[in-house]
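The hints should help you fit chain B onto chain A, whose structure is shown.
Heads up: the sequence lines are chains A and B, in that order. Numbered by the numbering used here, the letters in the first sequence go through residues 318 to 704 in order. Numbered by the numbering used here, the letters in the second sequence go through residues 318 to 704 in order.
No wet-lab data here; the hints were simulated from the structure. Please note: incorrect hints may appear among the correct ones.
A pair holds if it fits inside one copy or across any two, identical chains being indistinguishable in the list.
Pairs of lysine to any residue, SDA-like flavour, derived with a Cα cap of 25 Å [claimed, not checked]:
#, residue 1, residue 2
1, K638, N581
2, K638, P370
3, K638, Q433
4, K538, S478
5, K638, T575
6, K638, G677
7, K538, V328
8, K638, W576
9, K638, V567
10, K538, P331
11, K638, G604
12, K638, P413
13, K638, V548
14, K538, S320
15, K638, R539
16, K638, E501
Protein chains: 2
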Amino acid sequence: MSSPFVPGTAVRLPGTPGGPLTGLTFAAKDLFDVAGHPTGGGNPDWARQNPIPTRHAWAVQAMLDAGATLVGKTITDEVSLGILGENAFEGTPLNPAAPGHVPGGSSSGSASAVAQGICDTALGTDTGGSVRVPASFCGLYGIRPTHGRLDLTGMLPQAPSSDTTGWFARDAATFARVSAVLLEEAIEGPLPARLVIAIDAFGFADLAAAEAITPILNRLKRLVPDWQEEVMAPQGLTTWSRAQRTLQPVEAWETFRTWVERDNPRFAFSVARGLVMAAMTPEADRGWAALVRREARGRLRHLLPPGTILAMPTAPFAAPKTALPLPEIDGIRAAINVLCAHGGLAGHPQISIPGATLDGRPIGLSLLAARGADAMLVRTALALESI
Amino acid sequence: MSSPFVPGTAVRLPGTPGGPLTGLTFAAKDLFDVAGHPTGGGNPDWARQNPIPTRHAWAVQAMLDAGATLVGKTITDEVSLGILGENAFEGTPLNPAAPGHVPGGSSSGSASAVAQGICDTALGTDTGGSVRVPASFCGLYGIRPTHGRLDLTGMLPQAPSSDTTGWFARDAATFARVSAVLLEEAIEGPLPARLVIAIDAFGFADLAAAEAITPILNRLKRLVPDWQEEVMAPQGLTTWSRAQRTLQPVEAWETFRTWVERDNPRFAFSVARGLVMAAMTPEADRGWAALVRREARGRLRHLLPPGTILAMPTAPFAAPKTALPLPEIDGIRAAINVLCAHGGLAGHPQISIPGATLDGRPIGLSLLAARGADAMLVRTALALESI
Numbered sequence: 318m319s320s321p322f323v324p325g326t327a328v329r330l331p332g333t334p335g336g337p338l339t340g341l342t343f344a345a346k347d348l349f350d351v352a353g354h355p356t357g358g359g360n361p362d363w364a365r366q367n368p369i370p371t372r373h374a375w376a377v378q379a380m381l382d383a384g385a386t387l388v389g390k391t392i393t394d395e396v397s398l399g400i401l402g403e404n405a406f407e408g409t410p411l412n413p414a415a416p417g418h419v420p421g422g423s424s425s426g427s428a429s430a431v432a433q434g435i436c437d438t439a440l441g442t443d444t445g446g447s448v449r450v451p452a453s454f455c456g457l458y459g460i461r462p463t464h465g466r467l468d469l470t471g472m473l474p475q476a477p478s479s480d481t482t483g484w485f486a487r488d489a490a491t492f493a494r495v496s497a498v499l500l501e502e503a504i505e506g507p508l509p510a511r512l513v514i515a516i517d518a519f520g521f522a523d524l525a526a527a528e529a530i531t532p533i534l535n536r537l538k539r540l541v542p543d544w545q546e547e548v549m550a551p552q553g554l555t556t557w558s559r560a561q562r563t564l565q566p567v568e569a570w571e572t573f574r575t576w577v578e579r580d581n582p583r584f585a586f587s588v589a590r591g592l593v594m595a596a597m598t599p600e601a602d603r604g605w606a607a608l609v610r611r612e613a614r615g616r617l618r619h620l621l622p623p624g625t626i627l628a629m630p631t632a633p634f635a636a637p638k639t640a641l642p643l644p645e646i647d648g649i650r651a652a653i654n655v656l657c658a659h660g661g662l663a664g665h666p667q668i669s670i671p672g673a674t675l676d677g678r679p680i681g682l683s684l685l686a687a688r689g690a691d692a693m694l695v696r697t698a699l700a701l702e703s704i
Numbered sequence: 318m319s320s321p322f323v324p325g326t327a328v329r330l331p332g333t334p335g336g337p338l339t340g341l342t343f344a345a346k347d348l349f350d351v352a353g354h355p356t357g358g359g360n361p362d363w364a365r366q367n368p369i370p371t372r373h374a375w376a377v378q379a380m381l382d383a384g385a386t387l388v389g390k391t392i393t394d395e396v397s398l399g400i401l402g403e404n405a406f407e408g409t410p411l412n413p414a415a416p417g418h419v420p421g422g423s424s425s426g427s428a429s430a431v432a433q434g435i436c437d438t439a440l441g442t443d444t445g446g447s448v449r450v451p452a453s454f455c456g457l458y459g460i461r462p463t464h465g466r467l468d469l470t471g472m473l474p475q476a477p478s479s480d481t482t483g484w485f486a487r488d489a490a491t492f493a494r495v496s497a498v499l500l501e502e503a504i505e506g507p508l509p510a511r512l513v514i515a516i517d518a519f520g521f522a523d524l525a526a527a528e529a530i531t532p533i534l535n536r537l538k539r540l541v542p543d544w545q546e547e548v549m550a551p552q553g554l555t556t557w558s559r560a561q562r563t564l565q566p567v568e569a570w571e572t573f574r575t576w577v578e579r580d581n582p583r584f585a586f587s588v589a590r591g592l593v594m595a596a597m598t599p600e601a602d603r604g605w606a607a608l609v610r611r612e613a614r615g616r617l618r619h620l621l622p623p624g625t626i627l628a629m630p631t632a633p634f635a636a637p638k639t640a641l642p643l644p645e646i647d648g649i650r651a652a653i654n655v656l657c658a659h660g661g662l663a664g665h666p667q668i669s670i671p672g673a674t675l676d677g678r679p680i681g682l683s684l685l686a687a688r689g690a691d692a693m694l695v696r697t698a699l700a701l702e703s704i
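The following block holds chain A by itself, in its conformation from the complex (with noise of 0.2 Å):
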């Protein structure tokens, strides 16, 4: 267990006075450029090969514009391949609700800065789960945002397809706030008129999980009275995420080749091996996965029209331990990916809410909108934490 920040940085920028977000701290996740500061990218052969920023990445100086003061640059898993927060290298950041178990990543440092308190909101990039993952995990709000809306200039890519720009905030008000600077969209309007509830997404989570998260969701319904269960994934929430475990790590090699194969950098041996097998992935494993996708793709705006949201268990169990040995990690990881593979697939805005705990341990609710309904799920997070 570690501190949030980036070891051997220390960066403290203020925001520029009397905008919305003044008198509140955030943190950076290491993959996005801070001017004169190195981008580290959760990885030591990663800063040393690229130029130190010359500017902001497009969030940070959204979040400076609105007031908000830096305060640290926080760990990532390396090259943000990675969903339970363990970097060999940097360390494991403290998750201070679940202690022993990890933070959830890649966006560990973030979640684990705005869980202990260090700094009031913090951002994220979410990829494959990593900003709902750590969210569900160390017991915050989160965003997904709609995959496009968000600029991701100076945002260290992974897989481009997929990637978004996310934060993290312990209250709803808070949350709310951030959000409507980096949405550059109010949080009013109407709540949803309608709810569906993912039976095969809690079906799959551990019983005690869809359990534990149940009082949350019977408040939502209460929230939004019209509300239905339906099958989210008629392939199979599995088959997605089968497509997104091809398509990802494909597009992620894409990122690293260059780099990987010029300077032969040093990586944790899951990560290593995450991106072997990408390169060996077959074309035709590649082509069912991009059919799998566009069939996901039409299924979500199928269920989610504009009004509808979506209620499931953004993870399907709450922290693991920190540590496990990688077979059992190989599970986690899998077991994980298949409650969160819609995201990158579809690129619809998701949100994890807290406020559920299971043996202590929190975890999230999660809410999906149509595309471009962003602000639509904030103000729901809002309207239910007063009810």
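Coordinates of chain B only, in the frame set by chain A:
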């Protein structure tokens, strides 16, 4: 370029007075146990999980008992999985004979320390070429003894059916003194009666490399006038290489699998990739490779009756530049393996003899003999030096 010694280590153990190696200094590759010091194995996550040894490795003890003084532990490629001598964690030991070029590996630091004159001799290990190649690249005498001849207690294994303990020296006399101790056999007796020149191995080497070692080969012909040219591997040196590159990584994966799965250790990408590929090797490929190994053993037994030696280039070229891109390194490693695979496959003793250069960089001539005829090879090296 860095020191040949493992960073952060310092060890000096005087040898027992009055022995045959009194006055000599030696270094030990960081795969050999030295009591009271961690055996690092060239990887930051290896030493951490292994107890500090309480006894010296057999070879270290034998050197100390013979009077040699231990002056340091030397850098190795990570858990001996490498042939160029570039360690991303500990640095690339200087090749003083070819600055800007790799020292060869995995016994990189041992070769570098001897070549720099920091010590008189040094212990290495050779599974797939890890003494022979650095001897060739650094311009040293180096031996891979008959497989199974030396006691390997206290030496970190990689692929036990191929692992050997070897050593380096700058001159034939020192090489012979150390060899007598570690082979536990006087370097006395007749010279070889017959010389086989492996025309396929000479043909596979770069033409300039083959030409560069021709003057030494001609001296050898004067020493052993009954010579003839023969094909060493009628099945193809490349077939032997493919078999060894199937069997050795699979065995290495068996050696390291428990550690890798428990600790998810850090590796340079290329090292992790080798283990991943090994883990996926189909059983049918292993079966085929084992048959090729058997065929190769039969061939070398036939080719090398007692009293016969075989001459071939140690490596197909002189030391390549440091820090090449991975695709180039992959091609270089593959080519080197074609001239080294017989060692691990068949276990015959082999020495690499210095004395030739190509564009100023050393290249070695290798001599093989019947299993157990290690001392005859050393005698040949001594005789050749004075012809």
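Against the structure, the hints:
no.: 1; hint: K638 <-> N581; result: between (31 Å within a copy, 15 Å between copies)
no.: 2; hint: K638 <-> P370; result: neither (36 Å within a copy, 31 Å between copies)
no.: 3; hint: K638 <-> Q433; result: within (18 Å within a copy, 49 Å between copies)
no.: 4; hint: K538 <-> S478; result: neither (33 Å within a copy, 66 Å between copies)
no.: 5; hint: K638 <-> T575; result: between (35 Å within a copy, 19 Å between copies)
no.: 6; hint: K638 <-> G677; result: within (13 Å within a copy, 56 Å between copies)
no.: 7; hint: K538 <-> V328; result: neither (44 Å within a copy, 70 Å between copies)
no.: 8; hint: K638 <-> W576; result: between (32 Å within a copy, 19 Å between copies)
no.: 9; hint: K638 <-> V567; result: neither (29 Å within a copy, 31 Å between copies)
no.: 10; hint: K538 <-> P331; result: neither (42 Å within a copy, 79 Å between copies)
no.: 11; hint: K638 <-> G604; result: neither (36 Å within a copy, 40 Å between copies)
no.: 12; hint: K638 <-> P413; result: within (13 Å within a copy, 49 Å between copies)
no.: 13; hint: K638 <-> V548; result: neither (31 Å within a copy, 59 Å between copies)
no.: 14; hint: K538 <-> S320; result: neither (39 Å within a copy, 68 Å between copies)
no.: 15; hint: K638 <-> R539; result: neither (35 Å within a copy, 70 Å between copies)
no.: 16; hint: K638 <-> E501; result: neither (38 Å within a copy, 52 Å between copies)
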